[in-house]
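Student: Chains as they are written, first to last, in the UniProt record's numbering: chain A, 1 to 1027; chain B, 1 to 177.
None of these hints come from the bench; they were simulated from the model.
Just so you know, even glycine gets a beta-carbon here, dropped at the ideal spot from N, CA and C.
It is possible that part of the hints are untrue.
For lysine-lysine, the following DSSO-like pairs were computed, each having C-alpha atoms within a straight-line distance of at most 30 Å [as the list claims (entries may be wrong)]:
(1) A:K429 <-> A:K298
(2) A:K489 <-> B:K81
(3) B:K94 <-> A:K389
(4) A:K578 <-> A:K298
(5) B:K81 <-> A:K640
(6) B:K138 <-> A:K448
Distance ranges between label pairs, derived from CB positions [as the list claims (entries may be wrong)]:
(7) B:Q12 <-> A:N737: 33 to 41 Å
(8) B:E118 <-> A:L337: 35 to 43 Å
(9) B:D116 <-> A:E441: 38 to 46 Å
(10) B:E83 <-> A:K437: 32 to 40 Å
(11) B:V75 <-> A:D1009: 36 to 44 Å
(12) B:E155 <-> A:L569: 28 to 36 Å
(13) A:P707 <-> B:E155: 37 to 45 Å
(14) B:P69 <-> A:K437: 43 to 51 Å
(15) A:P602 <-> B:Q120: 18 to 26 Å
(16) A:P602 <-> B:H21: 44 to 52 Å
(17) B:E118 <-> A:N737: 52 to 60 Å
Over 12 Å on every C-beta distance to chain B, these chain A residues come out as not near it, computed from the model [as the list claims (entries may be wrong)]:
(18) M178
(19) D351
(20) Q730
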Amino acid sequence: MPRRPDEDDDLDDDFDEEEEDLEEEEDRGRGNKRRRSDFIDDAAEEDDDEEEEEEDDDEDYTGNSRKSSSHKNKKRSGSQFFELEAAVDTDEEEEEEEGEDDFIVDGGAELQEEDDGRRIHRRPLIPQYEDQEDMEEIERNIRKRYFARADHGDYDEETTDVEQQALLPSVKDPKLWMVKCAIGHEREAAVCLMQKSIDKGSELQIRSAIALDHLKNYIYVEADKEAHVKEACKGLRNIYSAKVMLVPIKEMTDVLSVESKAIDLSRDTWVRMKMGNYKGDLAKVVDVDNVRQRVTVKLIPRIDLQALANKLDGKEVVKKKVVPVQRFMNIAEARKLHIRVERRRDPSTGDYFENIGGMMFKDGFLFKTVAMKSISTQNIQPTFDELEKFRKPEEDGGDIASFSTLFANRKKGHFMKGDAVIVVKGDLKNLMGWVEKVEEENVYIIPKMKDLPKTLAVNEKDLCKYFKIGDHVKVVSGAREGATGMVVKVDGAVLIIVSDSTKEDIRVFADHVVESSEVTTGVTRIGDYELHDLVLLDNGFGVIIRVESEAFQVLKGNTERPEVAVVKLREIKSKLDKRNSAEDRDKNIISVKDSVRIVEGPCRGKQGPVEHIYRRVLFINDRHHLEHAGYICAKAQSCKVVGGSRSNGDRNGHSSDRYPLRATPQVPPSPRRPPRGGPPTDFGGRHRGGRGHDSRVGSTIKIRIGPFKGYRGRVKDINGQTARVELESQMKVVTVNLNQISDNVAISTPYREAPRYGLGSETPMHPSRTPLHPYMTPLRDPGATPIHDGMRTPMRDRAWNPYAPMSPARDNWEDGNPGSWGSSPQYQPGTPPARPYEAPTPGSGWANTPGGNYNDAGTPRDSSPTYGSAPSPYLPSTPGGQPMTPGSTSYLPGTPGGQPMTPDSGGLDAMSPALGGDGEGPWFLPDILVNIRRSGEDPVVGVVRDVLPDGSCKVSFGSTGETLTIQPNEMEIVKPRKSDKIKIMSGGQRGATGKLIGIDGTDGIVKVDDTLDVKILDMVILAKLAQ
Amino acid sequence: MFFHIVLERNMQLHPRHFGPHLRDKLVAKLMKDVEGTCSGRHGFVVAITGVDSIGKGRIRDGTGFVTFPVKYQCVVFRPFKGEILEAVVTMVNKMGFFAEAGPVQIFVSNHLIPDDMEFQSGDVPNYTTSDGSVKIIKDSEVRLKIIGTRVDATEIFCIGTIKDDFLGVINDPGAAS
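If we strip away everything but chain A, and leave its shape as in the complex, we get (with noise of 0.2 Å):
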């Protein structure tokens, strides 16, 4: 509600005013108003011409002192002087704080001519000092009245809780009422109820009146009685009393109590602008006033300057909605379109301004003062494009003070114990330090120099991080969160670091890193993609070169130039994470981390490892090239593999191995081929069925979910968590991941993967990890040297199978031992359709079947005792070993193609009994339940107790409590069912239980006691538990 200008004088004389009349002094208000806000454009533009009428509610800089000049000379009376005042409320906001500050100034001024009655309210305001009468007597009554309170207030200090409790109000104390006043009027409403006590002295019976600044439309009136805050308000224009609430008595010290998120608006802050034209901008604040909630920032201005100058020519302007760009004010331009600039100092700070229709601007900044709710002060981070604009024109004035804003905002345990800190602000501006104690707001330090004091209080505000050039640091915040990199240059709070991978140049805030001992390359990782992986695009492919924050920078598959896209998580379809490998210019095969040399091309003359191969593009990474951190793309085929490729390699065992490998198996694909489909691919499949972890490679699989789905084919390669299978029905090698496979079509498995293994290269080498082989190892003893020669093959994997003596490797290394071999003549007479097929690759086969080791374990084990029976071993292996099947039902319950062990074991019958023992080391495990059939005998359950270093267990059964050593061939590990507790007898948590949660297929879904993981493993190497 407006208020009517008049009434001021009103309510002194007559505070029964009539309702009736508001209407009619409403109108006259609204003509005084305009009267008034006309004689103040008059009195402007007379003034200085640059008085006008704001289109936003931002007050202009200087006007106020100009005003009340112009006021001054106008008034005459107090009446008069009331009258401004009430039209200037009822103005805009600022306005009325105009209003306020002549209240004041006028006021001494002015004084003589009032008359009494309001020379009585202006006493109690104006302090009664100007009457220079009495002073001492004035300077008694203060004392005896602060004093009182002071001593009052020492014992305060030492109350306790209890004589605090005894403060707070009671039933008996007055009660405080809340009253609804105009909005924007509380502290008016207050004082007004203030001098209205004054006026009447004793008459009124209210005892306080409280206006809260942030607590609109509300004031609070202390009484006894609700009839005595009405009766207080009656006549008061502002105070609408017709509602009255009563405070409850627990919420009354609430009232009162200092609210606590009192904005810290200082100086050279950083804020945002809220809304208008500037929303969102960064401005820093020039000054600010508490009393007016007003403060005066800087800003870049967004000023269309053809428009600005239509407008003050007086044409129409039309609205536009774009909002101009960020530009510094250029005087000069703004002249040359007949915009009048006027050059004027302030006088508060002796600074000159150019002024343009009412804007200030300074620098080419714009100087604008706005209410404190326009802007935000929390949480600002300039970014530094910002700030950097906000440098240039001046320099490099104040560089660290304004950054040391920037504090201010910062996350609560910001500083740790033993940073290194400098203090920024106060005093002890550039002490060097140690943090010693974080306490709230106080940092506790260790100062760097000597004679001060042990530690120092320092607020956390006035500290900066510091360090060094050379220091080792970690992004923790801000755009380049993560990375890490060395310090090159401290420029304040500002230090630019070489990041570790990408050796480019960072800026960031001391604020935002910590010291970091981490020596990685950064921690570089969205989602499931990492720095350096070969990534499948929606439409390419690349290596990822760059982690942004949220973002990759992307090397694409491109060679004919380096082409780099920047993607986006979502845009990356997958990881490429196998291993592929090429042909290079020479024909050699290229594999990963094989050193190449780029022979021609744009990079030509590059050379460094490759990291990854899709397609024929290599991506080899050249140290030396320092653009998309050294990555670059290029054709296999304008490469060459630099020679020592081979010979390097031995030094890791990797490449090497892999290399020889890759060359021979071109071979022998087609001897394979046909063996393929016979009646001994069934038996081969169940035998190969052991396959642990990495023995799957060559299995016969079916592809459950994806593009080709319901696909069979046999897995060639796998690499983490995809597998490339080559399918059966269509020449062609895909790469599916290994979850979309479901195994269990093992049966079908031709046998002859085996020696397809040895295409895959990569594979026979994981036998290693496979926990089975050091089980084999006790069978090396007998001939293991022989073996090693072997050794000089490509094939290292022979070495772990020595005994895979009927591998066509024999030629290789029998001479070395041709004795020990004795058994491979026997063997290859017994299956000769195993030659031709053998013969091409060496061993490989055996080396990555596991399936193959076990036979092949077992035999020599068997050979060496018992050489006759050798042969039969084989048997399995070979083609023709169809005399398997039969052998079969003995395993049977081992899932048929699951089990290395029962296969075997039922190939082997004859000699089998060593075989559990010594092929596998003990394959049955202690605890486990096994089904114990004899010759004429049911079967029998029994627990294995223990077992026996010759592979039989000694088993006691149930039923009987008798315990018995028996031979592993007899004994078939009983199959367990779901939620049975299991033991895992092969692959890398051999040994370890579980719970059979549940069977999909012929795998089994484990969780693993110890690690609680759930795992999906073959049923086959599941084994019950006893309970």
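Fit chain B to the given chain A structure using the hints.
Tutor: Structure of chain B alone, referenced to chain A:
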């Protein structure tokens, strides 16, 4: 800084090497394995200068490999913060230049190049003083000070500065030829 130290290593040797030349093979393998490697603690192993002792071999279960504990003397090179090195510039770009001192790669950021040297792009990117008297191009030799090192498992990377007294170009490739 170079150090001559004694290190120990367990060497695994394939049984095929067993024989009269076992020791030679072992030493050869040691050299191949160790020289040029880098460890965070000792830095780069530059050369093996002698083998002090070769312990008894132990056959490893499962592989047949034999493990020999070998003590050897070697020269290692480890860069330290604050160390002054002479290095050859290998690459110049706008961010600074890379130089190599033996196996160590050192990056000198443009913030650590004296302010009066400016980057000139072109065929031969270089940093040149305003009067053109000093020029850093590829193959220049510079003396620099290491201000920070980052040690990976396989690499030591250093940040250097030439913004100090007596640092900078010491030999121009052009002048030398």
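Student: Now, for every hint given, state plainly whether the structure supports it.
Tutor: Structure-based check of all given hints:
no.	hint	verdict
1	A:K429 <-> A:K298	26 Å, holds
2	A:K489 <-> B:K81	16 Å, holds
3	B:K94 <-> A:K389	23 Å, holds
4	A:K578 <-> A:K298	57 Å, violated
5	B:K81 <-> A:K640	39 Å, violated
6	B:K138 <-> A:K448	42 Å, violated
7	B:Q12 <-> A:N737: 33 to 41 Å	36 Å, holds
8	B:E118 <-> A:L337: 35 to 43 Å	39 Å, holds
9	B:D116 <-> A:E441: 38 to 46 Å	45 Å, holds
10	B:E83 <-> A:K437: 32 to 40 Å	36 Å, holds
11	B:V75 <-> A:D1009: 36 to 44 Å	52 Å, violated
12	B:E155 <-> A:L569: 28 to 36 Å	29 Å, holds
13	A:P707 <-> B:E155: 37 to 45 Å	42 Å, holds
14	B:P69 <-> A:K437: 43 to 51 Å	49 Å, holds
15	A:P602 <-> B:Q120: 18 to 26 Å	23 Å, holds
16	A:P602 <-> B:H21: 44 to 52 Å	48 Å, holds
17	B:E118 <-> A:N737: 52 to 60 Å	53 Å, holds
18	M178	62 Å, holds
19	D351	32 Å, holds
20	Q730	40 Å, holds
Checked against the numbered hints above, the structure breaks hints 4, 5, 6 and 11 and satisfies the rest.
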